[in-house]
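Asker: Knowing the structure of chain A, use the given hints to seat chain B on it.
Chain by chain, the residues:
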Amino acid sequence: MAKRLSTVLSRCRVLQSSNIRYFSSEKPWENPWEHALPKQSETFTTFKESPVNWANIERLLPRSTIPPMPRATDGPFPSGWQAPQDPPPALPYFIGRTRYHLPPLFLERRRDELNPMTMDFEYVELVALKEISGDVFACDVDLKNFLEAELGHPVATYVDELKGMIKVKGAPRKLLEKFVYAQGF
Amino acid sequence: QGAEVFAAKVNIEVQWANQMTIAATELAGGRIRTAYYDLDSLRAAVDPQAWFRNGNPIPPRKIPPHSLISYYTDANNRGYLAPDSEIATSEQRLSEILEYTRSVPVEQAEAWEAQTKQANQVFLGVKPGSLVSLADRKVFEPTHPALIEHYSPEEALADHLR
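Note that the protein sequences, when read in sequence, are chains A and B.
So the first sequence is residues 3 to 187, counted in the numbering used here.
So the second sequence is residues 1182 to 1343, counted in the numbering used here.
Keep in mind that the hints are not guaranteed to be accurate.
Output of the computed footprint for chain A on chain B, the stretches with three or more beta carbons under 8 angstroms from beta carbons of chain A [what the hints assert, rightly or not]:
id : segment
1  : 1293-1306
2  : 1315-1325
Using C-beta positions, here's what the derived DEER-type ranges look like [what the hints assert, rightly or not]:
id : chain 1 : residue 1 : chain 2 : residue 2 : range
3  : B       : Thr-1324  : A       : Arg-99    : 48 to 54 angstroms
4  : B       : Ala-1290  : A       : Arg-65    : 47 to 53 angstroms
5  : A       : Lys-50    : B       : Gln-1196  : 33 to 39 angstroms
6  : B       : Pro-1246  : A       : Glu-150   : 56 to 62 angstroms
To be clear, the hints were calculated from the coordinates, so they are not data collected in a lab.
On a predicted model such as this, the values are computed, not experimentally measured, just so you know.
All C-beta atoms in this analysis are idealised placements derived from N, C-alpha and C, irrespective of residue type, glycine included.
Next up, chain B with everything else stripped away, as it sits in the complex:
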């Protein structure tokens, strides 16, 4: 709805997007990605202030369950697990289909690159497992190797509960 008049250049991350929405965002010169948040990460992301106030460490974002992995690895859906080259070709194809030009200046692409979260991060620029102290305005991370391994495992954990 309103896709014809959408003109805001945004860098947005959603859970699901249909092709019209993706086209409208990219026509306006923005960037859209679909990302998966498991329940714990979602609770943290929805109200970060309450999460930090309760003294909870930042949870690691889990990989989507088996039923949804195919959605989030698909470049056509701009999934966050899809490789960048595939997404670029998909963007070009969509622009050809809908007859608009999709060109991103290099500075803009680099700026977006700096704003990209890793797959296991809930918040940009903060490692999972770290504690945020709002009173001290500082962030603390654990030193025990078992915890470091738990929060940043080599093999990402899938959200099998969903």
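Only chain A is shown next, with the shape it has when bound in the complex:
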């Protein structure tokens, strides 16, 4: 700790200012050496501890660990985040949360086909719902019913049972988040 302090303090040597010759009462011919070479003074400084509320500085630093999940009783959250139900709902599947306590929804942009008119690729935007354990197909059925009721048009889903993932084409991420919260996960 002492070594760190000294290396830090030694880097703060500052300011070499030349002495002002104009205010000297001696004429140049009386003491030529003084006026030939400019005097240099250095301002090496010492430091003293200043009383500072460390909380002001701590809030500037990023967090090093993920904070624990807020309780549902901490009130409605402005972002619309909801805590998962405890105990989990009695459904044949379970949707876990990411380590940041968020629903596991990820966006994907896949290349679709080349448009011959513009000679640009067209892309399709998918939403992936991961971390599904249990009966993934039952989750898919519930998801499809929910989304088609909300949207009014059919959505395409791709189910990967081994990975516990459902990819959805045609629905925005916010709606899938609403589904996850509605189910109580």
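Answerer: Just chain B now, kept in the frame of chain A:
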């Protein structure tokens, strides 16, 4: 964008704000100020941890250059150099134009007052020129009068390089 539904009560400091943004913040009961950061202070403010780790003292925030001073002294832009009374009248005028009530409770105003940075501070509650030691969790300030004068001059230095 989204100004109609903005409902978060925030105390925010930005570099530039248009009238819609200012109105949306104040309608929600918040406080907005525009502040100028010169390049050195900006580097410190963007990544304070890296700045302190490198052993750099906190730089003094310079006054905006001549071309921008008029922006930051204008109460309509909620500039940090504008006097508080002018900002209050500007807030009232904006609330009358857009037909919402702007009233700040006294405790809230006092809390905001405590959270206000001085014009030459980069970080709240820490003097410019001080060294922050993350390992010791302490802050050190220089004792040499030349350095004290350099970091907190009576006449603030303008950022003439921009």
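Asker: Next step is simple, just say for each hint if it's right about the structure.
Answerer: For each hint, the structure was consulted:
1. Under the rule that three or more residues need a Cβ within less than 8 angstroms of chain A, the assignment of the segment 1293-1306 of chain B holds, with 3 such residues.
2. Counting residues of the segment 1315-1325 of chain B whose beta carbon lies closer than 8 angstroms to any beta carbon of chain A gives 11, which reaches the threshold of three, so the coverage claim holds.
3. In this structure the hint that Thr-1324/B and Arg-99/A lie 48 to 54 angstroms apart at CB holds, the actual value being about 52 angstroms.
4. Between Ala-1290/B and Arg-65/A the beta carbons are some 30 angstroms apart, a value that contradicts the proposed interval 47 to 53 angstroms.
5. Range check, Lys-50/A to Gln-1196/B: Cβ separation about 34 angstroms, and the 33 to 39 angstroms hint holds.
6. Distance hint check for Pro-1246/B and Glu-150/A: the Cβ-Cβ separation is about 58 angstroms, which falls inside the suggested range of 56 to 62 angstroms.
The structure does not agree with numbered hint 4 stated previously, though it agrees with all others.
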